[in-house]
Amino acid sequence: MTGITVGSLRPLSRSRGKESRRERLTPYLYIAPFFLIFAIFGLFPLVFTGVVSLFNWAPLQTTHPFVGLQNYRTMLGDPLFWKAIRNTFTIFLASTIPGIAISMLLAVVLSNRSLRAKNFWRMVLLVPNVTPVVTVTLVFGSIFGQQYGPIASVLQLLHLPSIDWSGGNAVAAQFVIAVMILWRWSGYNALIYLAAIQAVPDSLYESAELDGAGRWRTFSSVTLPMIRPTILFSVVTSTIGGLQIFTEPLLFTTPQGGANNQALTLTLLIYGQAFNSFKFGYASAIAVALLGVVLVLAAVNFGIARLIRSA
Amino acid sequence: MTTAKVTESRRPVSRSAQRSNRVARDLRRHHRTLGRGRGSRPRVSVITYVVLVVAALLAVAPLYWMFVVGSNTSAAISSSPPVLLPGPNFLSNVLKVQADVPFVHSLLNSAIVALSVAVLQIFFCSLAGFAFAKLRFRGRNGLFVFIIATMAIPSQLGLVPLYLIMSKIGWIDSLQALIAPGAVTAFGVFWMRQVIVGSMPDELIEAARIDGCSTFRTFRSIVFPTIRGAAAVFGLFAAMSAWNDFLWPLVELSTPSHFTVQVAIQQLRTNYQSIDYATTLAASFLATLPLLILFVVAGKQLVAGIMEGAVKG
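Protein chains in written order, with the working numbering: chain A, 1 to 311; chain B, 1 to 313.
To be clear, the hints were calculated from the coordinates, so they are not data collected in a lab.
One or more hints might be untrue.
What the hints assert, rightly or not - So the derived list for chain B, only partly shown, Cβ under 10 Å to chain A, looks like this:
1. PRO86
2. GLY87
3. ASN89
4. PHE90
5. PHE137
Claimed, not checked - Simulated coverage check for chain B against chain A, where a stretch passes if three residues somewhere in it have a Cβ under 8 Å from a Cβ of chain A:
6. 153–165
7. 229–241
8. 254–267
Note that the Cβ used here is the ideal one computed from N, Cα and C, for glycine as well.
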């Protein structure tokens, strides 16, 4: 028998012969469903994306000619591809950076220990997060109408010119999309930050108090450094979410991301190329490029995390 | 016989464990108030409440606006100044939607998908979480790290091949094509492992082993009953995200009677040249209502779930 108690709960099993073999396999049986589902619907599609990207693949055709790296060459020369990358980044930045500030403000306010009706405030701030993205997009679309709706009325009241938010202006469309993302995620991230703030040991605050640190000083020299890992974690999750932005531009503008493709994101481009233009091969090449972006961002995040840890 | 023994030995232990947890928490709280000093603690300033009230209004106002638009006619919405109160047309708007797409049917489809995904995820994720938390096997840590790493991969990367696979097995345009890929997720396995590590003392499991429980028996009659609450909250998250899912259902569903509610609403958006907000937002309101009801019932637990996950993660 092996030295380690394999495949079973810690005690007892060492002494059992035949039964322990079955018991040894039990844990693998329990984790098998994940690996099975992931292999079929996660890993295989991922690998197969790379294969499809080498073909001129149309869904209704029976033969798919091999074209080598042609799709990648097309992609690098495609202004839409570069536009989509740029848009994905600007929308991500426009929603993440203000998002951190807003969520931090809410978390600090919520962390006040003498606050009344704590659970009520926390719940209200989480309401946007349970709202479906489709709903969020349509509601904000009606709020940011050009002629009608609350924003148009306010602009009219102030004798300002009306704005065609979803028309062709990049700043306007991306601003509204960033607002949608901010609305849906600020409360959620505030709760994450709040949990981190509450986990900071009290002794640190006591010593800050003894040292005569003011409130701002305590926040910037105690709270902020202590919850840095959590902030990083939320940035990582919003990076992953940011690369998936799709519903907002599709339903707020058009499947092309608006008249000037001003809201076209990478995921929307993949969707459009695959299921509107039926260029499976080309869409797969863009997906591989997106994977490249994911890996670069993961490396950057990892680097930042190490910097923070060593600081 | 073993069951009786097991439950006997389980109850007192878990209860006393709970009690000692509570005592520890009270002590900590007590210590905190002592440490910071009641007198020196800053009072809740007016600004705090101003910030919260403004934030709460901003959080709820768009949903209120959705109902205002959804319960008025298009003409009323485009009047100037705009209407700010709910109108009498909600039902007629919903009926208009139903005439366009099988909306009620789509609500049912979404419910089937959300419920199936939740049940499957609770079962498979807690089983895998249990294995990673309490069982020893070769490669455990490596496999767990692998699972966490898969969370970083955006799922839309494999969209095209997923479509090809589903066509190959004849699942395109079906609900099972939505359920199967969501039956067990990396996030769920990670979450349930954290829950089991945090709430199941090893001694309890050892006691069950001594009583002769098989591993599955231990899971079924000891581990699962203990984590039931956390599993329910997790199931709620899973159901909500299945209900909200959009990209994949949009890609694979084509027959209107198979639409999920999000796809049905999207169809309203594309059926018209310019969007008719009164009917579209009436439909959106109905699609959001079940989530809001669930939220009123279990919002406190969802808040706690997110915050606990944040500390452990």
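Hints, verified against the model:
no.	hint	verdict
1	PRO86	15 Å, violated
2	GLY87	15 Å, violated
3	ASN89	15 Å, violated
4	PHE90	15 Å, violated
5	PHE137	4 Å, holds
6	153–165	holds (count 13)
7	229–241	violated (count 1)
8	254–267	holds (count 3)
Checked against the numbered hints above, the structure violates hints 1, 2, 3, 4, 7; every other hint is satisfied.
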